[in-house]
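Now for the letters of each chain:
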Amino acid sequence: MLSANTHKEVVVGDQILTTVDWARAQFALTAMYHWIFVPLTLGLSFLVAFFESIYVKTGNEEWKKLTRFWMTLFGVNFAIGVATGIILEFEFGTNWSNYSWMVGDIFGAPLAIEGIFAFFIEATFFAVMFFGWQRVGKGFHLFSTWMVAVGSNLSAVWILVANGWMQFPTGMAFNPDKARFEMQNFWDVALSPVAVHKFTHTTSSAFLLASLFVVGISALFLLQERHQKMAKRSMVVAAVFGFIASVFVGLTGDEAAFNVAHRQPMKLAAMEGLYVGQEKAPIVAMGIINSSKKPGDDLPAFYQEVKIPGLLSLLANRDPNSFVPGINDLVFGNAERNIVGAEQRMVTGKIALAELARYKYAREKGDEAEAAAALAIFDQHKGDLGYGYLNNPAEAAPPVSTTFYSFHIMVVLGTLFPVIFLAVLYFAFKGTLEYQRWLNLVCFFSIFLGYVASQAGWVVAEVGRQPWAIQGLLPVGVATTNIAASNVQTTFFIFLTLFTALLLAEIRIMMKQIKIGPEA
Amino acid sequence: MIGNLDHSILQQLWWLIASVVGSLFLFLTFVQGGQTLIFTTASTEEEKSLIINAMGRKWELTFTTLVLFGGALFAAFPLFYATSFGGAYWVWMLILFTFILQAVSYEYRKKPDNILGARTFEIFMSINGSVGLLLIGAAVGTFFTGSRFSLNLYNSVTWGTPYHGLEAALNPFNLAFGLFLVFLARILGAMYIVSHIDHAPLVKKARKATWINLLWALPFLLTILISLVTMDGFAVNPATGEVFMEKGKYLHNLLAMPAVLVLLLGGLGSVIYGVAATGFLGKNSGIWFGGIGTVLVGLAIFSLAGYNNTAFYPSLTDLQSSLTIHNASSSKYTLTAMSYVALAVPFVLAYVAYVWKLMDAKQLTLTELSGEDAKDMY
Numbered sequence: 001m002l003s004a005n006t007h008k009e010v011v012v013g014d015q016i017l018t019t020v021d022w023a024r025a026q027f028a029l030t031a032m033y034h035w036i037f038v039p040l041t042l043g044l045s046f047l048v049a050f051f052e053s054i055y056v057k058t059g060n061e062e063w064k065k066l067t068r069f070w071m072t073l074f075g076v077n078f079a080i081g082v083a084t085g086i087i088l089e090f091e092f093g094t095n096w097s098n099y100s101w102m103v104g105d106i107f108g109a110p111l112a113i114e115g116i117f118a119f120f121i122e123a124t125f126f127a128v129m130f131f132g133w134q135r136v137g138k139g140f141h142l143f144s145t146w147m148v149a150v151g152s153n154l155s156a157v158w159i160l161v162a163n164g165w166m167q168f169p170t171g172m173a174f175n176p177d178k179a180r181f182e183m184q185n186f187w188d189v190a191l192s193p194v195a196v197h198k199f200t201h202t203t204s205s206a207f208l209l210a211s212l213f214v215v216g217i218s219a220l221f222l223l224q225e226r227h228q229k230m231a232k233r234s235m236v237v238a239a240v241f242g243f244i245a246s247v248f249v250g251l252t253g254d255e256a257a258f259n260v261a262h263r264q265p266m267k268l269a270a271m272e273g274l275y276v277g278q279e280k281a282p283i284v285a286m287g288i289i290n291s292s293k294k295p296g297d298d299l300p301a302f303y304q305e306v307k308i309p310g311l312l313s314l315l316a317n318r319d320p321n322s323f324v325p326g327i328n329d330l331v332f333g334n335a336e337r338n339i340v341g342a343e344q345r346m347v348t349g350k351i352a353l354a355e356l357a358r359y360k361y362a363r364e365k366g367d368e369a370e371a372a373a374a375l376a377i378f379d380q381h382k383g384d385l386g387y388g389y390l391n392n393p394a395e396a397a398p399p400v401s402t403t404f405y406s407f408h409i410m411v412v413l414g415t416l417f418p419v420i421f422l423a424v425l426y427f428a429f430k431g432t433l434e435y436q437r438w439l440n441l442v443c444f445f446s447i448f449l450g451y452v453a454s455q456a457g458w459v460v461a462e463v464g465r466q467p468w469a470i471q472g473l474l475p476v477g478v479a480t481t482n483i484a485a486s487n488v489q490t491t492f493f494i495f496l497t498l499f500t501a502l503l504l505a506e507i508r509i510m511m512k513q514i515k516i517g518p519e520a
Numbered sequence: 001m002i003g004n005l006d007h008s009i010l011q012q013l014w015w016l017i018a019s020v021v022g023s024l025f026l027f028l029t030f031v032q033g034g035q036t037l038i039f040t041t042a043s044t045e046e047e048k049s050l051i052i053n054a055m056g057r058k059w060e061l062t063f064t065t066l067v068l069f070g071g072a073l074f075a076a077f078p079l080f081y082a083t084s085f086g087g088a089y090w091v092w093m094l095i096l097f098t099f100i101l102q103a104v105s106y107e108y109r110k111k112p113d114n115i116l117g118a119r120t121f122e123i124f125m126s127i128n129g130s131v132g133l134l135l136i137g138a139a140v141g142t143f144f145t146g147s148r149f150s151l152n153l154y155n156s157v158t159w160g161t162p163y164h165g166l167e168a169a170l171n172p173f174n175l176a177f178g179l180f181l182v183f184l185a186r187i188l189g190a191m192y193i194v195s196h197i198d199h200a201p202l203v204k205k206a207r208k209a210t211w212i213n214l215l216w217a218l219p220f221l222l223t224i225l226i227s228l229v230t231m232d233g234f235a236v237n238p239a240t241g242e243v244f245m246e247k248g249k250y251l252h253n254l255l256a257m258p259a260v261l262v263l264l265l266g267g268l269g270s271v272i273y274g275v276a277a278t279g280f281l282g283k284n285s286g287i288w289f290g291g292i293g294t295v296l297v298g299l300a301i302f303s304l305a306g307y308n309n310t311a312f313y314p315s316l317t318d319l320q321s322s323l324t325i326h327n328a329s330s331s332k333y334t335l336t337a338m339s340y341v342a343l344a345v346p347f348v349l350a351y352v353a354y355v356w357k358l359m360d361a362k363q364l365t366l367t368e369l370s371g372e373d374a375k376d377m378y
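Protein chains in written order, with this note's numbering: chain A, 1 to 520; chain B, 1 to 378.
Only true hints are included.
Below, computed lysine-lysine pairings styled on DSS-like, alpha-carbon distance capped at 30 angstroms:
#  : chain 1 : residue 1 : chain 2 : residue 2
1  : A       : Lys138    : A       : Lys232
2  : A       : Lys178    : B       : Lys332
3  : A       : Lys178    : A       : Lys350
4  : A       : Lys512    : B       : Lys58
5  : A       : Lys64     : B       : Lys357
6  : A       : Lys512    : A       : Lys64
7  : A       : Lys64     : A       : Lys138
8  : A       : Lys512    : B       : Lys375
9  : A       : Lys65     : B       : Lys357
10 : B       : Lys110    : A       : Lys512
11 : B       : Lys110    : B       : Lys375
12 : B       : Lys205    : B       : Lys362
13 : A       : Lys515    : B       : Lys110
14 : A       : Lys515    : B       : Lys375
15 : A       : Lys64     : B       : Lys58
16 : A       : Lys64     : A       : Lys515
17 : A       : Lys294    : A       : Lys307
18 : B       : Lys375    : A       : Lys138
19 : A       : Lys365    : B       : Lys332
20 : A       : Lys65     : B       : Lys110
Note that these hints are calculated values from the structure, not bench results.
Using the sequences provided together with the hints, build the complete structure.
Structure (structure tokens):
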């Protein structure tokens, strides 16, 4: 039987870190580094396409210079995004070998489609975008720039379809003979509501971040009284794009939360630190969470909090009076509300695992009667298969503090950004943007805030679904490769060193290019 | 239409598709070959920059083809993906490590304030072109020599050595395979330089590099060919799925599949003609003969490993854990869905070819490197 790889461990200080800890750390490291570069690629590709479109339309060489300036920054960022991306694809195999087998029949397809439909568009037209100015016509060059934007964002579609499926597994069935999940309906996987909202929310947040980047760097030029005309032009285009993206982020975020409430109620409870379910459930506007609290104990969830009654119920069910389950309900069950908790589901899941083992050995022995009997019981219990791997019902809850703070940081910053874009547009149309020193300073520092919000969003999505690699079906401890923790630990530090060095190089190169400016 | 195909046919079709992508990748490793030529064929900074900028317009295509190769294997043969990547951990990690180095090196090399200096990024490129390809070759070599792993009832892999795949590079056949790929890539890289760069002194050296690297490649090629026709192979009983050792299995495969023999000999002949045309006949079109030849040889190698009831990823520890295109594949539904997706591949190839033609219509010159676009050059 598959089992959690907890016996493979490395001692760090007084902590014992197992293979799954290092595999998670490495995947988080790679994904978070990748997500530093990718949102800028997704959004800046469109902004560069806007700038170049204006150049082609007007024939004004200043717009061409502006386009090429942002394109240079795009190129520097793009390269390291590609470098960190290749690792992510192959890490599924190297670090999550059991996962790759158990769900590869479903999960591999979006990755392959991403390669066919998106990466080749990017790779082919990227060369034209950068080196085709003298080799192709103006029109084809513009087309190529747009294709890079389209290709980049198409790649986001498929990887987010894959990620959405991990959060809400659908369109598949378990094959006991192969001991894996198999696809039954491609369209259920590709068009699942979670995948659709993941794509719209994630890409619009990327557009927002790229707009903050352009607005922020342009604001720096205004503060330095350099390249003012080009800076203001860039700011107006980016602020319009950014404001539209911000509104879209808010709308899709609301839809995403609604989906989480129904598909991953444990994640929603963790996002709000809600331990005991209630009607008219509040949203915590501000709060200091009690990180010592565990499911089922009597400790308070917060040291201090400011709540808005009914808002979580409204967010989760579109009804401010409705009931929202808390972590305790989902761990221990709530008969009154008809909620089966992880505790009960573990019992069912362990039966499913035992019967699966009995089925496999019966087939191996050629005892078809026993195999059929085992399979019948397995079929009755397989819905809770993943819970059978848990040792303690409280394991079904994710790290609450990390999820709570990440969610609130993301929401607070996400509310601030449209205000900044509106302010930029207001002063730009008044013609006084270059005199707004405070606003320009805020714009510049908002680049950093944009990255914080963007990373926080991923932390909510990924930490909030722990302990599951596949929601409810496969915990991360079972999904890993059977390999000694020291191997994964070593590659973790190799990647940490390499990515950090490359990030520093990227920042230095970017700073130099910004110093040189668009009119060099 | 595709849905009516038998699962076994789909499995064979997807082995072919994966083989085509893998073989195209082998052709596109002219980029890696070019990266290693900067320290042996270029003698001035200008020549070095010409090579890097010529390869720099294509590096992403090679990279993307590698990613697609991985994606296609994951989608079509997930048990291979899980077994090989999870088991031969260190080989794949080191390969990926060299490709990370490559991905940033082009963009960062000439940019001011790049911290590490241009030479460091050139060394990164060279590592990718040599170590990266050597290890890829060693990994492909294990398709014939096998690896030490076993699978349990749940298809969970246990690797039999603590080196997690690095042991493959010590096997003479695998090593020969890796070194052959390195020199083949250098041959292709030199051919591409001849075809794409307008700089007489560099082109003259690149023409010479084609046949010198062919001479270096020959002993490894002969080792591979002689081993293939004499070695025992991993056969599969089609009725029971049982894997067993068969004397001269790959020779039998060649004889049982004459088309593969034609692909192999035709491919090698095409590469050799490409070298002769470039090195001795003063032609610039050798890259196309070299490229097509490489694709044909690649197809022959993958066909030998996977078709005619052969285990393509054999286990030395437990023969019955060996992977075949039948026991390692995705379900019929997934292969069918992916086959519909694969119908788009000809369109992808068409626009790639169109843009390639457009961008390579004019040869790269020193003037271009120092002209209006100098700031964007690698």
